[in-house]
Amino acid sequence: MTLRTKMNETVEPERYELLKELPVLFESDRRSFFKFLGTGLLVICSAAKTTAWQESGGARRRGGQELPQEIDAWLHIGEKSKITAFTGKVEVGQNIRTSLTQAVAEELHVPVGSIELVMGDTKLVPYDMGTFGSLTTPVMNLQLRRVSGAARDALIAMAAKQWNVDAARLAATDGKVVDAQAKRSATYSELVKGQQITQVLPAEDPLIPPSKWTVAGQTLAKVDGREFVTGRHQYPSDITRPGMLYGKVVRPSAFNATLLSADTKVAEAMPGVTVVRDGNFLGVAAAGSIEAEKAAAAIRAEWKVEPQSSSKELFEYLKTHQETPEPGDNYQFVSGDVAPVFAAADHKINSTYRINYIAHAPLETRAAVAEWSGDELTVWTGTQRPFGVRSELATAFHVPEEKVRVLMPDMGSGYGGKHTADAALEAARLARAAKKPVKIVWTREEEFTWAYFRPGGVIEISSAVGTDGKITAWEFHNYNSGTAGYRTYYDIPNQKIEFHPVDSPLRQGSYRGLAATANHFAREVHMDELAAAVKMDPLEFRLKNLNDERLRAVFEQGGKQFGWSKARAANHGFGVGGGFEKRGYVATFVEVALKPQTGEIKIQRVLTAFDCGAVVNPDGLRNQIVGANVMGIGGALFEAIEFQNGRIINNVFSKYRVPRFQDVPPIDTQLIDRKDKEPVGAGEAPIVGIAPAIANAIFAVTGERLRTLPMGPQLAAKGYLVS
Amino acid sequence: MPTYELRINGQPRSVEADPEASLLSVLREQLGLTGTKYGCGEAQCGACTVLIGGHAKRSCRTQVSMVAGKEITTIEGLAKGEKLHPVQQAFLDEGAMQCAFCTSGMIMSSVSLLNQNSHPSDKDILQSMEGNICRCGTYPRILAAIRRASSTAKEERP
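Residue numbers (the numbering used here), protein chains in the order written: chain F, 73 to 795; chain H, 4 to 161.
Keep in mind that the hints were calculated from the coordinates and are not lab data.
Each hint should be verified, as a subset may be incorrect.
[Unchecked claim] Distance windows between CB atoms, simulated:
1) F:K337 to H:E19: 49 to 59 Å
2) H:E23 to F:H644: 47 to 57 Å
3) H:E23 to F:L793: 55 to 65 Å
[Claimed, not checked] Simulated crosslink set (DMTMM-like; lysine to aspartate or glutamate; CA at most 20 Å straight-line):
4) F:K749 to F:E776
5) F:K366 to H:E19
6) H:K83 to F:D193
[Unchecked claim] If the Cβ cut is set under 7 Å, some of the chain F residues that face chain H in the computed set are:
7) V301
8) V338
9) E340
10) M342
11) S361
12) Y403
13) V406
14) A433
15) A686
16) P690
17) D691
18) R732
19) P737
From the three backbone atoms N, C-alpha and C, an ideal C-beta is built for every residue, glycine too.
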């Protein structure tokens with residue numbers, strides 16, 4: 073595997089499993105579709121050209137239909153002017169239900185209100201690896217535009233045939249095919265009436281370029297906003313089924329514990345209680361959540377626990393528990409030769425940066441409802457990977473994947489933290505024993521303890537810079553936190569960059585921006601250290617070492633709007649941090665104010681300039697950028713997981729501080745709308761600039777160089793209070 | 004199990020419940036009012052906020068036995084038919100949500116604030132809302148929505 077591939081695909085240990093071979097690609101046959109949706113036109117779009125899948129033997133016979141394997145999206149046009157588009161992507165708060173609806177409306181020429189998106193239901197949607205890596209916009213937006221464009225052309229062709237005219241003289245508009253010459257038109261539903269047509273299209277049609285968009289590119293309010301403000305929307309934790317019980321897992325007393333014994337007699341004697349002990353799994357199901365809690369509390373379990381490391385010695389641990397990379401893994405990038413340059417450098421800097429473990433803490437904890445019908449299992453759960461969850465369930469219960477259906481109602485966020493099937497497995501195990509549907513909703517303590525974390529890390533950087541301000545050598549070692557964003561985008565002739573996997577002390581995984589939050593923090597703080605060493609303005613120094621035109625643009629335009637070149641007020645400092653992540657270009661600027669008498673530091677304002685190609689929904693994008701900055705403030709200043717001997721110490725919101733109303737400064741956004749570029753994702757990249765920008769602004773006003781995330785404890789030790 | 008006569012969204016509701024059961028679990032599990040959310044169970048996040056006699060209350064730490072006979076309002080009871088409460092409308096108008104799991108609690112806390120103080124300053128709003136977490140970080144828009152509701156709702160509120 074080449075380094076390039078590794079860099080793109082392998083980011084966190086949690087995601088290694090995503091590289092496994094993909095399971096079945098096509099789920100529902102044509103007949104079940106029409107049964108579900110009614111008659112009409114079903115358009116199936118294959119990104120790979122039709123001939124490609126035919127030649128590769130990719131077509132499989134199923135239900136009498138030959139269908140391609142490389143299916144990305146499908147779309148149904150029904151009789152009642154109803155358009156249903158299907159995608160394996162899921163809505164987790166990133167507003168993708170709305171922006172994908174805009175994509176369909178744009179190409180199909182239909183009103184937004186006539187479109188329904190079916191998302192993340194493994195029985196109905198095409199296979200999808202999951203909603204992560206900011207891939208929904210660059211991949212699914214494009215695919216839904218393709219399938220919609222293909223459907224529009226198919227409808228025009230149907231009308232042309234019906235009217236016996238040349239398709240070239242027909243146009244699609246507002247849900248109709250119009251023949252201006254003959255002054256006639258037909259709605260899409262009239263054209264498909266009474267038919268069951270399946271079209272498999274190669275999607276070679278040219279798409280409407282962003283510069284000509286009329287629906288996409290515009291602000292559109294959340295398509296189902298009313299459902300949320302009225303409390304009607306059903307999240308995974310809100311799902312109920314007839315006869316449903318509530319489950320509760322009896323958790324081990326520490327990580328990696330083994331169940332030695334369990335006295336379940338009292339619990340089993342409680343009315344309506346089912347107790348399950350299966351290996352290390354111990355849980356109950358009862359009529360209500362309080363009954364389940366009481367039954368679980370009545371169980372006396374004994375666990376064998378091994379001594380484990382603690383957060384106090386985290387950074388020593390990470391340096392001393394390196395793993396040997398798997399054969400074929402290459403986490404090293406080298407260009408030029410750093411050693412001779414360091415030996416002869418004008419200025420050489422060595423710095424170490426430390427990153428604590430943090431929690432995603434999505435407001436909706438993990439939740440699942442599981443229901444068995446014979447050997448068929450249906451699970452509603454909050455996950456970013458419905459097909460991954462299906463696969464985990466099928467494996468755990470020894471049933472074929474076709475027997476498992478996972479549905480993912482739009483959920484209460486994830487931030488990369490809901491990739492696994494935990495709650496789904498627990499609910500399914502209890503439901504099988506109780507012979508009734510079972511709901512599991514994790515408590516906040518469970519979410520803080522038994523979910524996985526954004527990895528902690530140690531990052532060591534050595535660099536050399538000439539008195540002219542040109543960086544000549546760059547050596548970067550990341551221990552444990554991950555490879556996302558570990559390469560530098562600055563133009564440096566001699567580089568050695570390496571990721572060192574570690575036998576991690578905690579269960580760790582994906583997070584918003586993955587390791588890019590850590591790698592950008594280290595790199596962008598180090599850039600400030602270098603600028604200080606050669607007595608250059610930090611922004612000017614970055615630009616001196618940067619050729620990439622789009623990254624220069626966010627730094628330059630953001631700096632201009634922020635007023636970087638203006639004089640700082642007394643006891644005010646400016647800081648900047650930015651970079652390139654998940655195909656987006658970001659630069660964040662921060663102003664802080666210091667009260668010298670008290671040591672109080674306040675973030676006065678933030679500005680983020682962002683380029684993610686053509687903007688699909690400006691309002692939704694601004695919401696994401698502001699939200700990413702707010703979330704980033706938590707990791708920058710005060711979020712850190714404390715653990716000891718296999719237990720999480722700060723496992724509640726009263727002990728684990730997340731950003732609240734009063735922590736949030738005014739946050740401005742500057743969108744660089746590149747109509748000449750295809751749109752890319754925006755949920756992750758805007759988080760990477762805020763932490764280094766804050767650190768650099770605090771340095772500007774205090775002279776204190778902060779190299780640990782979160783910065784709050786280090787500041788407090790030096791007599792500062794940051795808010 | 005004892006029976007409690009509750010008054011929820013103007014309707015009498017009779018429930019049999021464990022006296023220790025939280026109002027939140029009764030709303031969600033027995034009455035099907037799932038608009039009120041579980042976020043933490045320790046009255047730290049505000050997702051479960053309801054109104055008791057017009058005042059914000061964390062339903063996760065309120066035992067059902069304590070609220071019998073009191074006027075309970077949940078997110079489902081705010082709109083008058085199809086007409087949204089001005090605070091709900093303001094949240095829509097400002098796009099003040101992302102995943103929206105906090106939205107019910109945010110709206111109920113905002114309604115409570117405006118019930119007590121129809122013209123809150125920004126400082127009043129921030130202080131009053133400090134107990135509500137939006138993990139997606141939509142705080143600036145929620146602040147804007149409360150400001151908007153405060154200015155538009157004046158004449159509409161009784």
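The hints, checked one at a time:
1. F:K337 to H:E19: 49 to 59 Å: 27 Å, violated
2. H:E23 to F:H644: 47 to 57 Å: 53 Å, holds
3. H:E23 to F:L793: 55 to 65 Å: At roughly 40 Å between Cβ atoms, F:L793 and H:E23 fall outside 55 to 65 Å, so the hint is violated.
4. F:K749 to F:E776: This hinted pair is violated, its Cα atoms lying about 41 Å apart.
5. F:K366 to H:E19: 17 Å, holds
6. H:K83 to F:D193: Status violated; Cα separation ~34 Å.
7. V301: 4 Å, holds
8. V338: 17 Å, violated
9. E340: With a closest approach of 19 Å, the F:E340 hint is violated.
10. M342: Hint violated; F:M342 Cβ to chain H Cβ min 12 Å, cut 7 Å.
11. S361: Constraint on F:S361 satisfied, holds at 5 Å.
12. Y403: Constraint on F:Y403 not satisfied, violated at 32 Å.
13. V406: Constraint on F:V406 not satisfied, violated at 38 Å.
14. A433: With a minimum Cβ separation of about 6 Å from chain H (threshold 7 Å), the hint on F:A433 holds.
15. A686: This interface hint is violated because 20 Å lies over the 7 Å limit.
16. P690: Interface hint status for F:P690: violated (11 Å vs cutoff 7 Å).
17. D691: 6 Å, holds
18. R732: 5 Å, holds
19. P737: For F:P737, the interface hint is violated, since the closest Cβ of chain H sits about 9 Å away, which is over 7 Å.
In summary, the numbered hints that this structure violates are 1, 3, 4, 6, 8, 9, 10, 12, 13, 15, 16 and 19.
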